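K.L.:
Respectively, the protein sequence lines represent chains A and B.
Using this note's numbering, the letters of the first sequence correspond one by one to residues 1 to 142.
Using this note's numbering, the letters of the second sequence correspond one by one to residues 1001 to 1155.
Because the hints were derived from the structure by calculation, they are not lab data.
Please read all numbers here as calculations on a predicted model, not as lab measurements.
Some hints could be false.
[To be verified] No more than 25 Å apart at the CA atoms, straight line, and that leaves these computed lysine-lysine pairs for BS3-like: (1) B/K1072 - A/K45; (2) B/K1002 - A/K45; (3) B/K1072 - B/K1002.
[What the hints assert, rightly or not] Derived list of chain B stretches under chain A, where covered just means 3 residues or more per stretch with a C-beta under 8 Å from a C-beta of chain A: (4) 1001-1010; (5) 1045-1058; (6) 1074-1085.
[To be verified] Here are the computed distance ranges between Cβ atoms for each label pair: (7) A/D47 - B/W1039: 35 to 41 Å; (8) B/W1138 - A/L63: 38 to 44 Å; (9) B/L1130 - A/A56: 45 to 51 Å.
Glycine included, each C-beta is placed from N, C-alpha and C at the ideal position.
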Amino acid sequence: MHNFTPVASLFGGILIGLSASAMLLLTGKITGISGIFAGVLRPAKGDTLWKACFLAGLLAGGLVLRLFLPHAFDFGVVRSWDVLALAGLLVGFGTRLGNGCTSGHGVCGVSRLSARSIVATATFIASGAVVVFLVHLLGGLL
Amino acid sequence: MKALLTSFVSGIVFALGLGISGMTRPIKVIGFLDFFGSWDPSLAFVMIGAICVYFVANRWSQTMPSPLLTAKFLVPSRSDLDGQLIIGAVIFGAGWGLGGFCPGPAITSLASGAAPVMVFVAAMAIGIYLHAWSASVWSLEERPASPVLQTSPDS
C-alpha cells in the first residue's frame, strides 16, 4: 500500500469526468478513447475531425505533463518490447471487439448505468487481474 | 468550430487527469490489478471521481433537447450482452494487465517520447486493423449462412 495516492487519483479522476462531461454536454459525444483512436485510423466521412482534435488534445496535454509533471511518465514497470507489442495487439483488438475500453465503458458507460459497460468493465478488470497474477506467478520472465 | 475546439481542450484536460491520477504509470495500473499481491487501490479513486462527475452530467444531458454545440446526442442504446462484448473485454483486460497501458494513457504517454510507448501504440493500431480485417472476413463467411437476411423484406 506504500504507493497509495487517493487524493491525486480522485482529483485526476474528477478532471477526467469533467472532460468527458464537457464532450457530452457540448458536443453530444461519448468519450471512448479506443473508438476515437480507431476512428482516426479508419476515417468515416464527417465523423473524424473531432476525434483527431481530441487526440491532438491528449498529446498536447501529454506535453504539458512532460513539462510540469514529468513524474507522470515515470512508468515504474516497463516490459520488454515483444511483451509490449503483444499487449498492444491485445488492447487494440480487444477494445474493438468489445466496443470500448476504460474510458468508454469504464467511465462513460458505467456512469450511464449501461448493463453492457458494467459487465465489460467487471470483465476487463478481472481479466487484467488474472494476467497480473499469472505474470507474478511466472516470476521475472517478462 | 467550437465543437472541435471543445474536443481539443477536453483532450488536454483528459490527459492532465490521466497524468495526475496515476493512470499513465503502468506500475499504478498493475498495482491496482494486483488483487492477490500488494494491491494499490488508487485507481478505484480515479473511477469514483470520474463516474461521480459524469453520472451528474449524464442525468443533466437527459433534460436537454440537444447538446449545446451540435444537433443531437450520440449515445449508445444497446443493452444486450453478447459474446463479442465479453470476449473483447477479456482480451483487452489481458493486454492491459500485461503492459499496464490502456488506450488513453498510452496515447498521452507518446508525448514522453519513450520508445516502449511507441511500440505499444503501434501494436495497438495493428490490433485495430486486424480486428477490422477479421470482421470483414467473418461477415463474408457469415452471409450465406443467414437466410433471414436474404428473405427479410426490409433489409
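K.L.:
Taking the numbered hints from earlier one at a time, note which ones the structure violates and give those numbers from smallest to largest.
P.N.:
9
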